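Peer 1: Line order of the protein sequences matches chains E and X.
The opening position of the first sequence corresponds to residue 1 in the working numbering, with each subsequent residue numbered one higher.
The opening position of the second sequence corresponds to residue 218 in the working numbering, with each subsequent residue numbered one higher.
The hints are simulated quantities; they were obtained by calculation from the structure and are not laboratory data.
Since the model is a prediction, treat every value here as computed from it, not as a measurement.
Positions of the beta carbon are idealized from the N, C-alpha and C atoms, including for glycine.
Do not take every clue at face value.
Unchecked claim - Simulated pairs of lysine-lysine, DSSO-like, Cα-Cα distance not exceeding 30 Å:
(1) Lys4/E <-> Lys369/X
(2) Lys295/X <-> Lys76/E
(3) Lys133/E <-> Lys350/X
(4) Lys154/E <-> Lys78/E
Said to hold, decoys possible - One-sided excerpt, in silico: chain E residues whose CB lies under 10 Å from chain X:
(5) Pro49
(6) Tyr64
(7) Glu65
(8) Arg67
(9) Arg71
(10) Tyr73
(11) Arg92
(12) Gly93
(13) Val101
(14) Asn107
(15) Ile145
Claimed, not checked - Short derived list, chain E residues pointing at chain X, Cβ under 10 Å:
(16) Thr52
(17) Ala68
(18) Ile69
(19) Tyr72
(20) Val95
(21) Glu96
(22) Leu99
(23) Ser105
(24) Glu148
One-letter residues, chain by chain:
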Amino acid sequence: MVVKVYGPAYASPKRVLVCLIEKEVEFETVPVDLLKGEHKDPEYLKLQPFGTVPVTQDGDYTLYESRAIMRYYAEKYKSQGTDLLGKTVEERGLVENWLEVEAQSYNPPMFTLTVQIMLSSKLGLPRDENLIKESEEKLGKVLDIYEERLSKSKYLAGNFFSLADLSHLPFTQYLVDHMGKEYMIKSRKHVSAWWDDISSRPSWQKVLQLYAAPFKN
Amino acid sequence: MVVKVYGPAYASPKRVLVCLIEKEVEFETVPVDLLKGEHKDPEYLKLQPFGTIPVTQDGEYTLYESRAILRYYAEKYKSQGTDLLGKTVEERGLVENWLEVEAQSYHPPIYTLTIQILFSSKLGFPRDENLIKESEEKLAKVLDIYEERLSKSKYLGGDFFSLADLSHLPFTQYLVDQMGKEYMIRSRKHVSAWWDDISSRPSWQKVLQLYPAPSKN
Numbered sequence: 001m002v003v004k005v006y007g008p009a010y011a012s013p014k015r016v017l018v019c020l021i022e023k024e025v026e027f028e029t030v031p032v033d034l035l036k037g038e039h040k041d042p043e044y045l046k047l048q049p050f051g052t053v054p055v056t057q058d059g060d061y062t063l064y065e066s067r068a069i070m071r072y073y074a075e076k077y078k079s080q081g082t083d084l085l086g087k088t089v090e091e092r093g094l095v096e097n098w099l100e101v102e103a104q105s106y107n108p109p110m111f112t113l114t115v116q117i118m119l120s121s122k123l124g125l126p127r128d129e130n131l132i133k134e135s136e137e138k139l140g141k142v143l144d145i146y147e148e149r150l151s152k153s154k155y156l157a158g159n160f161f162s163l164a165d166l167s168h169l170p171f172t173q174y175l176v177d178h179m180g181k182e183y184m185i186k187s188r189k190h191v192s193a194w195w196d197d198i199s200s201r202p203s204w205q206k207v208l209q210l211y212a213a214p215f216k217n
Numbered sequence: 218m219v220v221k222v223y224g225p226a227y228a229s230p231k232r233v234l235v236c237l238i239e240k241e242v243e244f245e246t247v248p249v250d251l252l253k254g255e256h257k258d259p260e261y262l263k264l265q266p267f268g269t270i271p272v273t274q275d276g277e278y279t280l281y282e283s284r285a286i287l288r289y290y291a292e293k294y295k296s297q298g299t300d301l302l303g304k305t306v307e308e309r310g311l312v313e314n315w316l317e318v319e320a321q322s323y324h325p326p327i328y329t330l331t332i333q334i335l336f337s338s339k340l341g342f343p344r345d346e347n348l349i350k351e352s353e354e355k356l357a358k359v360l361d362i363y364e365e366r367l368s369k370s371k372y373l374g375g376d377f378f379s380l381a382d383l384s385h386l387p388f389t390q391y392l393v394d395q396m397g398k399e400y401m402i403r404s405r406k407h408v409s410a411w412w413d414d415i416s417s418r419p420s421w422q423k424v425l426q427l428y429p430a431p432s433k434n
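Here chain E stands alone, though its shape is the one from the complex:
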């Protein structure tokens, strides 16, 4: 039985897809149309009671929250594909440190920019230009800290590509492609080199090819 990943068109599920490809784990995808509200259907809420994507079903084993799913598959298949957790407990600790940074500091302003710039007109809301400006400033400060870190370390957790770097792929791709804010990455020398490196990985290129983003305003 092959693991099913729900909602492949969207950003958060893409963290799971690129992780499964890196780990050489077969999967199927199940579309969920957020604009039609399919994530709020009673059938979907039985799987994922918070009504968000992704959720995975692996036989009887159901998991949600993209970063939890990534951690599970990276650990379960540690001995095949790319090692995304580091070799020692200390290396994994650093992966966890930077994966939490992504979740707590990078993702919130990035997610706000995504909703405001890419989704507002589809959701029938006016853009909040103050909120956009504020979010871009917050994201800029986080990227300055990344610039310092990446001037000393090839990848965020150390000298190896890990879940911490991978987790940034989907929303950062929106930033540079659909939001017209590539300058935020390109103006920072080490962040720029890191972005070129991680986004050119064959696993990520395959995800972009197979599961196109559904929208831009």
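Given chain E, work out where chain X should sit, using these hints.
Peer 2: Below, chain X alone, put in the same frame as chain E:
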């Protein structure tokens, strides 16, 4: 050499303290006065460039983000004290699922309530009553989902106490004590029983005794 934990008076560092006590790991604490802005001192920023607490120093090994620190110590000392990660990779996956739920869905509204209700006058801004009402509604919806989960499962990750439950202790203690919103817990039968269980653990009682919260507004 004993691990040092910075900022013990505050909520996020208390996740780390209760975890270390459960794992029977010795530690020292280093005070950080947020109201005096000590978290923005150049010396502190060298350890934790985002200027938040906690950070831990274990000899030369420095880690930040409380949930990353929890995962590291729970894994490193898996064979001693309480097992906070489950026995199998699948059990750990469920722990990660619910720890991500805490971080992504529970924490944001409860953090907003904490800042607005407990710290606004200390930080010099007026309470935003709309924001408080909105945050309480968001938190209530999350607690409704917890009520359903805990009607089927003794703890969030399964039939065992884990990092997923532990992570809720510090801010929920603020909710029931200092914020006067105990009714949010008590009005939900299974959440109430779960809260009594986890908050009466000797490890948590010890943290409350040794590191009282800073005084409120």
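Peer 1: With reference to the structure, classify each hint as holding or not holding.
Peer 2: The hints, checked one at a time:
Under the criterion of a C-alpha separation no larger than 30 Å, the hint pairing Lys4/E with Lys369/X is consistent with the structure, at around 24 Å. Note on Lys295/X and Lys76/E: the hinted pairing holds, with a Cα-Cα distance of about 17 Å set against a maximum of 30 Å. Taking the CA atoms of Lys133/E and Lys350/X, the gap is about 26 Å. The hint holds against a cut of 30 Å. Among the hinted pairs, Lys154/E with Lys78/E is consistent with the structure: their alpha-carbon atoms are about 22 Å apart, no more than 30 Å.
Restraint check, Pro49/E versus chain X: the minimum CB separation of about 5 Å is within 10 Å; hint holds. Nearest Cβ of chain X to the Cβ of Tyr64/E: about 6 Å, under the 10 Å cut. The hint holds. Because the beta carbon of Glu65/E sits about 3 Å from the nearest beta carbon in chain X, less than 10 Å, this interface hint is met. Interface hint at Arg67/E: satisfied, since its Cβ lies 6 Å from the closest Cβ of chain X, which is below the 10 Å cut-off.
This hint holds: Arg71/E has a C-beta 5 Å from the nearest C-beta of chain X, less than the 10 Å allowed. For Tyr73/E, the shortest C-beta to C-beta distance to chain X is roughly 9 Å, which falls under 10 Å, so the interface hint holds. Because the smallest distance between the Cβ of Arg92/E and any Cβ of chain X comes to about 7 Å, under 10 Å, the interface hint for this residue holds. Residue-level restraint check for Gly93/E holds (minimum Cβ-Cβ distance to chain X is 4 Å; threshold 10 Å).
For Val101/E, the interface hint holds, the least distance from its beta-carbon to any beta-carbon of chain X being 6 Å, beneath 10 Å. Annotation: Asn107/E was flagged as interfacial toward chain X, and the flag holds, the nearest CB pair being 9 Å apart, inside 10 Å. Of the supplied interface hints, the one on Ile145/E holds, with its beta-carbon coming within about 5 Å of a beta-carbon of chain X, less than 10 Å. At its closest, the beta carbon of Thr52/E sits 9 Å from a beta carbon of chain X; the interface hint therefore holds under the 10 Å criterion.
The restraint placing Ala68/E at the interface with chain X holds, with a minimum CB-CB distance near 4 Å, inside the 10 Å limit. Hint on Ile69/E holds. Least Cβ distance to chain X is approximately 8 Å, under the 10 Å limit. Here the hint on Tyr72/E is kept, as its CB sits about 4 Å from the closest CB of chain X, short of 10 Å. A least Cβ separation of about 8 Å between Val95/E and chain X falls short of the 10 Å threshold, and the interface hint therefore holds.
Interface restraint check: Glu96/E against chain X, minimum CB-CB distance 4 Å, threshold 10 Å, status holds. At about 7 Å, the closest approach between the beta carbon of Leu99/E and any beta carbon in chain X falls short of 10 Å, and the interface hint on this residue holds. Of the supplied interface hints, the one on Ser105/E holds, with its beta-carbon coming within about 6 Å of a beta-carbon of chain X, less than 10 Å. Contact between Glu148/E and chain X, as hinted, is supported at the beta carbon level, the nearest pair being about 7 Å apart and thus within 10 Å.
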